[in-house]
Amino acid sequence: MNASQPLLEIKGLNAGYGEIEVLHGIDLQMFEGEFVCIIGANTAGKSTILRAISRLVPHVTGTLRFAGNDLSSRASHDIPMLGIAHVPEGRHVFTDMMVEENLMLGAFTARHAKDLSLRMEGIFELFPRLRERRGQLAGTLSGGEQQMVAVGRALMLQPKLLLLDEPSHGLAPKVVEEMHDAFTKIHSRGTSILLVEQNVGLALDVATRGYVLESGRIALQGTSAELNENPAVRAAYLGI
Amino acid sequence: MKRWIAILAAIAIAAVLPLLLSPTGYWIRVLTFTLLFAAMAQVWNIIGGLANQTSLGHAAFFGIGAYTSTILVLKFGISPWIGMFAGGFLGGIAALIIAVPTMRLQGHYFALATLAFGEVMRVIANVWTSLTGGPVGLSVPFVPPSIAAYSFKQLLPHAYIALIALIIVTFIFEAIRRSAMGYRLRAIKENPAAAEVIGIDTTKVKLQTAVISGVLMAMLGTLYAQVAVFFDPDTVFSAASISIRVALIAILGGVGTAIGPILGALFIIPVEELMNDLFSSGAAGLSQLIFGVILIAVILWRPRGFITVFDSLMARFSNKARS
Numbered sequence: 001m002n003a004s005q006p007l008l009e010i011k012g013l014n015a016g017y018g019e020i021e022v023l024h025g026i027d028l029q030m031f032e033g034e035f036v037c038i039i040g041a042n043t044a045g046k047s048t049i050l051r052a053i054s055r056l057v058p059h060v061t062g063t064l065r066f067a068g069n070d071l072s073s074r075a076s077h078d079i080p081m082l083g084i085a086h087v088p089e090g091r092h093v094f095t096d097m098m099v100e101e102n103l104m105l106g107a108f109t110a111r112h113a114k115d116l117s118l119r120m121e122g123i124f125e126l127f128p129r130l131r132e133r134r135g136q137l138a139g140t141l142s143g144g145e146q147q148m149v150a151v152g153r154a155l156m157l158q159p160k161l162l163l164l165d166e167p168s169h170g171l172a173p174k175v176v177e178e179m180h181d182a183f184t185k186i187h188s189r190g191t192s193i194l195l196v197e198q199n200v201g202l203a204l205d206v207a208t209r210g211y212v213l214e215s216g217r218i219a220l221q222g223t224s225a226e227l228n229e230n231p232a233v234r235a236a237y238l239g240i
Numbered sequence: 001m002k003r004w005i006a007i008l009a010a011i012a013i014a015a016v017l018p019l020l021l022s023p024t025g026y027w028i029r030v031l032t033f034t035l036l037f038a039a040m041a042q043v044w045n046i047i048g049g050l051a052n053q054t055s056l057g058h059a060a061f062f063g064i065g066a067y068t069s070t071i072l073v074l075k076f077g078i079s080p081w082i083g084m085f086a087g088g089f090l091g092g093i094a095a096l097i098i099a100v101p102t103m104r105l106q107g108h109y110f111a112l113a114t115l116a117f118g119e120v121m122r123v124i125a126n127v128w129t130s131l132t133g134g135p136v137g138l139s140v141p142f143v144p145p146s147i148a149a150y151s152f153k154q155l156l157p158h159a160y161i162a163l164i165a166l167i168i169v170t171f172i173f174e175a176i177r178r179s180a181m182g183y184r185l186r187a188i189k190e191n192p193a194a195a196e197v198i199g200i201d202t203t204k205v206k207l208q209t210a211v212i213s214g215v216l217m218a219m220l221g222t223l224y225a226q227v228a229v230f231f232d233p234d235t236v237f238s239a240a241s242i243s244i245r246v247a248l249i250a251i252l253g254g255v256g257t258a259i260g261p262i263l264g265a266l267f268i269i270p271v272e273e274l275m276n277d278l279f280s281s282g283a284a285g286l287s288q289l290i291f292g293v294i295l296i297a298v299i300l301w302r303p304r305g306f307i308t309v310f311d312s313l314m315a316r317f318s319n320k321a322r323s
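Keeping their order, the protein sequence lines are chains A and B.
In this text, residue positions in the first sequence follow the numbering used here: the first is 1, and each later residue adds one.
In this text, residue positions in the second sequence follow the numbering used here: the first is 1, and each later residue adds one.
Hints listed in this document are in silico derivations from the structure and should not be mistaken for laboratory results.
Note that the structure is predicted; figures quoted are calculated from it, not measured.
Please note that a few of the clues may not be correct.
Claimed, not checked - The following residues of chain A were derived to be distant from chain B, with all beta-carbon distances above 10 Å:
| # | residue |
| --- | --- |
| 1 | Pro6 |
| 2 | Leu56 |
| 3 | Val60 |
| 4 | Ala75 |
| 5 | Asp78 |
| 6 | Met81 |
| 7 | Pro88 |
| 8 | His92 |
| 9 | Thr95 |
| 10 | Glu101 |
| 11 | Leu105 |
| 12 | Arg133 |
| 13 | Arg153 |
| 14 | Leu157 |
| 15 | Pro173 |
| 16 | Ala235 |
Unchecked claim - What follows is a set of in silico ranges between Cβ atoms, one per label pair, in the way DEER data are often shown:
| # | chain 1 | residue 1 | chain 2 | residue 2 | range |
| --- | --- | --- | --- | --- | --- |
| 17 | A | Ser117 | B | Ile11 | 33 to 41 Å |
| 18 | B | Ile11 | A | Ser142 | 41 to 49 Å |
| 19 | B | Ile164 | A | Leu116 | 19 to 27 Å |
| 20 | A | Ser142 | B | Ser179 | 26 to 34 Å |
| 21 | A | Ala113 | B | Asp311 | 25 to 33 Å |
| 22 | B | Ile294 | A | His59 | 28 to 36 Å |
Unchecked claim - A partial selection of chain A residues facing chain B, derived with a Cβ cut-off under 10 Å:
| # | residue |
| --- | --- |
| 23 | Arg55 |
| 24 | His59 |
| 25 | Gly62 |
| 26 | Asn69 |
| 27 | Ser73 |
| 28 | Ser76 |
| 29 | Val93 |
| 30 | Asp96 |
| 31 | Gly106 |
Cβ atoms here follow ideal geometry from the backbone N, Cα and C, with glycine treated the same way.
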């Protein structure tokens, strides 16, 4: 793959559930090493973009390419194999399993036990609290800690691209900040991130570029600085 | 360590028990069937407990196993030991055929689809007279007793074969539960969407468990045929006395645990026999009615199965040992 080719390329994406079309003609591009966010109101279709990439949406037309692979012919369980890790909305950790077991389940691409413990060590460096709780059932953790497990499990794959769906939803402000610090660190380690976020201020704070989604269409796009200055964005999402 | 001592002790008791019973008596027969049904429930537990798919069609595989080995003896004089593997092979294929369209179904829908499949097999066996003998049934031919021919004068060797089968399938169940596949199954059971997102091919993993369960169930069908000596389509393909009973044993004992099906069989088979013994001289069906009432009472008392009684007993025992 040459440098000028995007890591993720979405062209004319229409997607929906049954009769209802949620996304209409989405164009989105991401290059390796980018940290991009998708912002917009509830029900604008932000999550559906991520779910379409992960092949979790039944009806999809248009082009979906990742690192030279056509995603539209893949099954959802093949997507992680290509290097895309998805942290679904609402966390979805395995509550009846220990933290360590949750992390291990995310690492099926690891070939050796040594590789596995190395990856886990990386997660514990990022989220020291998970090290303390490694033997605890994930269901007994706080919401923030469960989100850390969900993100950690995705990182165990050592993905090229990390999809984050509303990771700050329902978390205390202090935990949200912690979370976003972690995302900056993950990004600086070389993982590309596509973040879907309702908290527009925070999203534009951590991401370098963004798309604004309105009723299933891209209304605006630009660098975070540009979007931050945009009067429409300020009025609609930042309340200024 | 302690766990292994307990397991070895249980196996030792089970190994001595048949010797204490009269070799020609009634109770050795009850014991043999208890062990056999425990093994069948354990095999059901692989798909019902680990993959969380409540099959009500396991009689299909069981009957395929019983018929395959018996037909091979009758027509070609092939030893049931070999016939057992042939039956296992066909049972696995049948499991694959039924699982491909039904595995996407969940809960009641899966249960009903498998129930229908078991009934279809029963009808086929009744109609395909040239192969199965139809409703008249098949008799396992008498051959001079030998281990190689799987033929014995007494029930005692059958009891031991059933015991060994139970031990083997229990180890298989436990090995799957602790393997990477076991983890994948737990992940699917808890959260199918999250399992797909982390790269688990949920359909494939479920298919694998269905095939393993189908192969083993068919092999146990051969064991049954050799003990029963005579069977017909309505017994080995029975929804009530095979499919549902096997599921019931696992559920009553504690679904998804290795000990559950064993506890369930130790309760259900002897109690059912006892009820038949005590009440069969009364009104017709009275024993079944009383048996049903006992089952309902047990389920109300311990909804999660006998395993919960067993666990609390073990906890009390280890507390006493410590103090």
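For each hint, the structure was consulted:
1. Pro6: 23 Å, holds
2. Leu56: Leu56/A is in fact no farther than 10 Å from some Cβ atom of chain B, at 7 Å.
3. Val60: Answer for Val60/A: holds, closest chain B Cβ roughly 16 Å.
4. Ala75: Ala75/A is in fact no farther than 10 Å from some Cβ atom of chain B, at 7 Å.
5. Asp78: 8 Å, violated
6. Met81: Non-interface label fails for Met81/A: nearest chain B Cβ at 6 Å, not farther than 10 Å.
7. Pro88: Given that some Cβ of chain B is not farther than 10 Å from that of Pro88/A, nearest at about 6 Å, it is violated.
8. His92: 4 Å, violated
9. Thr95: Non-interface label fails for Thr95/A: nearest chain B Cβ at 7 Å, not farther than 10 Å.
10. Glu101: 7 Å, violated
11. Leu105: 6 Å, violated
12. Arg133: Given a closest Cβ separation of 18 Å, the condition holds.
13. Arg153: 6 Å, violated
14. Leu157: 7 Å, violated
15. Pro173: Given a closest Cβ separation of 26 Å, the condition holds.
16. Ala235: 35 Å, holds
17. Ser117/A / Ile11/B: 33 to 41 Å: 36 Å, holds
18. Ile11/B / Ser142/A: 41 to 49 Å: Holds, since Ile11/B and Ser142/A (Cβ atoms, about 45 Å apart) stay within the stated range.
19. Ile164/B / Leu116/A: 19 to 27 Å: Hint violated: Cβ distance 37 Å, outside 19 to 27 Å.
20. Ser142/A / Ser179/B: 26 to 34 Å: The hint (26 to 34 Å, Cβ to Cβ) holds, given that Ser142/A and Ser179/B are roughly 31 Å apart.
21. Ala113/A / Asp311/B: 25 to 33 Å: 32 Å, holds
22. Ile294/B / His59/A: 28 to 36 Å: Because 52 Å falls outside the window, the suggested range is violated.
23. Arg55: 9 Å, holds
24. His59: 17 Å, violated
25. Gly62: 21 Å, violated
26. Asn69: 15 Å, violated
27. Ser73: Not OK, violated: Ser73/A not within 10 Å of chain B, min 16 Å.
28. Ser76: 5 Å, holds
29. Val93: 7 Å, holds
30. Asp96: 6 Å, holds
31. Gly106: With a closest approach of 5 Å, the Gly106/A hint holds.
Of the numbered hints given earlier, the model fails hints 2, 4, 5, 6, 7, 8, 9, 10, 11, 13, 14, 19, 22, 24, 25, 26, 27; all others are met.
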